Amino acid sequence: MMKNDRVVFIVDDDERIREALAELLESHGMRSVAFGSAGDYVEADKPDLLACLILDVELPDINGLEFQRQIAEGEHPPIVFITGHGDVPSSVRAIKDGAVDFLTKPFSDADLMTAVQTALDQDRQDRSTRAELGALRRRYLDLTPREREVLTLVVSGLLNKQAATELGISEVTLEVHRRNIMQKMAAASLADLVRMAERLKIPVTHSRRNPGGN
Amino acid sequence: MTNAPILSEPVGAEAAARLVERVVGNGWATDPAGNFIYVTPAILSALGLTLYELNSVPEQGHFGWRSVIHPADYDDIASIWRRCLQTGEHYDVEHRMLRASGAFGWSRSSGQPLRDADGRITGWYGTVIDADVQSVLLNRLPAVADPDREKAALDAPRPLGLIHPDDRTAAAHAAARAFWTGVPQVIRHRQRQPDGDYRWIETRSEPGYSVSVDIDDLVTDKDPPAAARLPVAGTSEAIGAARVVESIFGNGWAFDAEGRWIYLHPFAQNSLGVTLEYLNAALDEGHTAWKRLLHPDDYDRIAATWHHCLATGDHFNVEFRFRRASGAYVWARTAARPARDGQGHIVGWFGIALDIDVYKKTVAALRDRERAFSQLVDMVPSHLWQLTPDGEPVFFNRRMVDFLGMDAADMVQPGKSGLATMIETSVHPEDAAPFGDALRHCFRTGERFSMRYRLRRSDGVYRWMSSGAEPLLDADGRVLQWYGLCHDIDDQVKAEEALRSRELELQQLIDTVPVQIWCVTPDGDPAYINKTMVDYTGMALDDFDAEGGLPSAIQTIVHPDDRDSLHSALGHSFTTGEPFDLKFRNRRSDGAYRWTEGRAEPLRDETGRIIRWYGANVDIQDSIDTQEALRTSKRQLEQMIDAVPVNILSFDPSGKITYTSRRYLESVGSPLAHVEDFDALALDLAHPDDFPTMHRRASEGFATGQPFVNRFRRRDRQGAYRWIEARAQPLRDENGTIVQWYIASIDLEDEMRAQQALRDRERRLRQLVETLPAMIDCAAPDGEPVYRSRQLREFLGYDLEVLDGTGKSRLGGTLDAGVHPDDLDAVKQSYAHSLSTGEPYARRHRLRRFDGEYRWVETRAAPMRNGEGTIVQWNVICLDIDGEVRAREALRLAQDRLSRASQAASLAELSASIAHEVNQPLAAIVANSYACHRWLSAEPPNLERAKITAERIIRDANAAADVVSRIRALFRQSAGSRSTAAIGNVIAEARDLMAEEAMRRRVRIEFEAQAGLPMLALDRTQIQQVLVNLIRNGMEAMEGVAAERVLGLYAGRADEGIRIEVSDRGPGLDDPDKVFEPFFTTKQEGMGMGLAICRSIIESHGGRLWAEKNEPQGARFIFVLPVDTKAHHDEE
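So the protein sequences, as listed, match chains H and D. Taking my numbering, the leading residue of the first sequence gets 72, the next gets one more, and so forth. Taking my numbering, the leading residue of the second sequence gets 7, the next gets one more, and so forth.
Chain H extracted, bound-state conformation (with noise of 0.2 Å):
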């Protein structure tokens, strides 16, 4: 019984390895989609499902772990490398970069089928994450620049008199902006909205000692 939501890419020069993985895939009831090369990766329509990426190592347009690096920036499925010389260093470094696995062939059928549950289980977690930021970020674009500057203060920790100083507005008005940026954010309280600022990457900027100060 094949199960929908999620699929299997496989990236692996040899086609006899696409093959036998891809059969051994389905008989575990998981579709794959394998792939010659990087590029054939790269350039292929992929649906939009739980995802795995099993990568060899020695590809021939580029090795493995550097494809690793140079996708890492975007969002990609949690990878499970394969390899036909593995040495220590290349795992260890593949597994540094957030690889989930790194296996070398002949690899045994549990081996790669926990490696590919964990990755999928990972991909559920990346994705409902990524979702949580996606929201916080609209909502954070929804604010006006004046509410920015002022989150960028509150966040720092300092008080409504120091950013109302800092920006050259009267206090009372520092404090709508502060109700304001607290109800279109959602945040519950200030911690809430701190650690919202944090999960945004917004720096703190001043501190309470210094408020002037970068």
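The set of hints was computed from the structure by calculation and includes no laboratory data. Treat the hints loosely; a few may be bogus.
As the list claims (entries may be wrong) - Restricting the straight-line Cα-Cα distance to at most 25 Å, the calculated cross-link-like pairs of lysine to any residue (SDA-like) are:
hint, chain 1, residue 1, chain 2, residue 2
1, D, K1080, D, R892
2, D, K589, D, T613
3, H, K74, D, L949
4, H, K74, D, H939
5, H, K117, D, E1003
6, H, K272, H, M253
7, D, K834, D, L806
8, D, K953, H, S179
9, D, K953, H, E86
As the list claims (entries may be wrong) - Quick partial rundown of chain H residues pointing at chain D, CB under 7 Å, derived from the structure:
hint, residue
10, D85
11, I88
12, A91
13, L92
14, E94
15, L95
16, S98
17, R102
18, G155
19, K176
20, P177
21, D180
The structure presented is a predicted model; accordingly, all values stated were derived computationally and were not measured. Glycine is no exception: its CB is placed at the ideal position from the N, C-alpha and C atoms.
Fit chain D to the given chain H structure using the hints.
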């Protein structure tokens, strides 16, 4: 034209007066009894009278207006007026009338009775006009009247008396209207001729002018028809108005409100050859009433204006050309105004037309005449002026105004007479008094004035004038005006002065020239001697005469030895007329006899007769003395020149030889006969190789006047060429002009020979050093290089001086720039040690060649010392020993490689091959096995899929087994399963295998195989593996190539067998040999075994595999497989 208008009742006398007033400017009206009922208010106020006062009869039956009429005229005009009132005849008088200024002026009063339908006079209307001007106008009428007959016309003023009584009113009013309105007027009238006949005249008046032209021949209808009398009922306001106007100005016409002709003076109809019906017909054709009258070019413009006026009631006043009965077009001016009824509605139009054509032409002619006259006065090339009898300037002509910069009017200044001002401002101060006296004398006596004086021009320059003036006298001999003329004679006066002063100068010249000038008559009698001669001889002209003329003078002053020859020479000249020229001794006044050169020439009249002999004596004693002195000094100089051991020549500025020293003649010989100048001499004597240079330099020197020096070989007397140095120097006179060139030459032959020998020796030495197969360097005692041989310069790639100015010493700079950084410190230390101690230097180090390559050199240096043992120079030799050092290095590397290779062959190749080739199928097998297991374990088992996976397991396992067996075969070093194959096919298969990958990598594979290659015995799989390996390597090498990626495959014959090449266009190989070493790899994930295995395979086939550089870029892998020997061997 006494056509008194018949006016309808609404048009009373007052209305008629107002009509006249509209045109002329004033008007009056009376009742039938002559009582004023209307006078233009302006006239009343000017006269200071009321209407009542005008009509009152204060004393003895006189009219109320008596006070404003000149007493002398009153009785006459009063009686005429009374007569007119009784008879109804036209009233027209001239009289003097009081003006607003209080003075009397000539005026003309005209009046006309107004009658009702029954012919009864209902009133009078008229006008008064200023006749002063009018009289002037009329007086200009050119007709000459007989005074007697003129007097007979008692009822008319004099000028008007000539005009036909019927036309007088019209003529007078035309002139008046011209004056009053400024609009030119034309009137036709009959004028009495001296013979008593009347002729038709056309008179055109304009303010200031009045011109009459005889048109009698043009008028076809000499007796104009009587005015058409229209029925009273039909007379419209417009016609009435037209008649009133016409009665004063003539040529009236009228239109109805729609612009249709209703009246045109019959005279006009006649002269135009039209009828009203004819003109009005144009309206029916859609045009205006003017259509048939006007010149086509004017019609549109006039029609537009006419339409405008009809629509708006604006006054119509235009000029146009109209056609006469004769068909000719003439210019006319016409004016019209609307006639309105009580409510102000336009009921019609009335107006007049004035022919201005002849007037226009005639006036132009008159003006031209006046302008011509005025130009004549202005253009006379002399100054003309006019003075009053008492001398006040009244007129200067244009030239005089221009000359003085002032007009006669400018002379008028308060408190001074104009004459005084003119004398003061314009006459030269020295001439002012005589000028004023002479002029006043003339004014007193009436005598003609004539004098020369200086007159000031507007630019301040005084110029001589010749002036004359004469009075214009009246019949009684009284002076009316003085007319004067003054003519600019400045140039003549100046010329006379110049002539006088030139004469004086000439006299002074003759007397002051340092030459004795004399003049004798043809007979030899002295006529003149100049002052110089008088001073010289101590005898004046009188003395000559006193002592008996020329012979005795000769006797007195000429040296006794020269007297005879002088006598005979003079006698000869006097007889024959030939010029006289003789040198003789003359006694000076101090008694010394001095050589004199006398010359004389005759002066002849036009017939050729001698009239005078002019002679000049010049004292030449000094020049004779000087010549003698010169001759002496020249002789001495020549002696000196000949004594000096230098050859001397001289040339004149044109290059001619003027002198050759004796020594020159002795050493070089006399110039050949044809050799006369420098060029020829140089060509003859200078060595042909030296001639061009020396001649060029000499030519430049002669041309510029600069001294010059030439070194060249000159042929001597014996015919041998010897080196000489010739120096040329110009001699200049006091003006700087070159008068002579002197050339002195000295023999340089021995010196030149010595120099040449020295140069030859030095050149040989230098060549020796330069050609030595070593780099030579010389340095100063402090180590600074002073010389480098060519080899060293070429090695370094720069010259000795290049590093100067960099702030470093030459030595330091060279070392820093050239010595390998690793060797630099040691080299510097070593140099420093040698320089300080004087010990020889020897060292091996790497030195940078010009192309950047460091080469091993051995440098040795030793000091060169002088007699005292002091170091004067370091001599350095530097040998390139790079080849030697490198060879040793290469040997060492080769040994290293050898030992590494033997190691690799046993261990690495095996494991790496297994890892590479076996692991992949193995991994596939394992995965497939799991899958197979799962298909079988599923509920229900998927046998179909299990079967497929099982088949794949078998396939992959076989592939793995193949690899293993091939590896085993490889290491057996023997041919596995050799078969005979065409190498072309094998290459093609490999290419096809790689086709997909090539496409992905965008690499184009080019394959070329010679035809007819022999079959080869080979292991197809192994060779394919080699090919695939090489192809993939090639493609990978071109990964970063931006240009076209081409992989070349080639198979062809070679000496040793068949040659297969795989070439790429990648970056190429640094070390073509190194790539075959096991574990050598440029790829990140490669194990470096591929090429090593490839080489093993090819070698196991008895062939050879190597790499080369590909042209123009990239790498080329070549292997050669033997054709038959090995194959046969394997088959055995």
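Here is how each hint holds up against the structure:
no. : hint             : verdict
1   : D:K1080 / D:R892 : 17 Å, holds
2   : D:K589 / D:T613  : 31 Å, violated
3   : H:K74 / D:L949   : 21 Å, holds
4   : H:K74 / D:H939   : 20 Å, holds
5   : H:K117 / D:E1003 : 23 Å, holds
6   : H:K272 / H:M253  : 17 Å, holds
7   : D:K834 / D:L806  : 19 Å, holds
8   : D:K953 / H:S179  : 20 Å, holds
9   : D:K953 / H:E86   : 19 Å, holds
10  : D85              : 5 Å, holds
11  : I88              : 5 Å, holds
12  : A91              : 4 Å, holds
13  : L92              : 6 Å, holds
14  : E94              : 4 Å, holds
15  : L95              : 4 Å, holds
16  : S98              : 4 Å, holds
17  : R102             : 15 Å, violated
18  : G155             : 5 Å, holds
19  : K176             : 3 Å, holds
20  : P177             : 4 Å, holds
21  : D180             : 4 Å, holds
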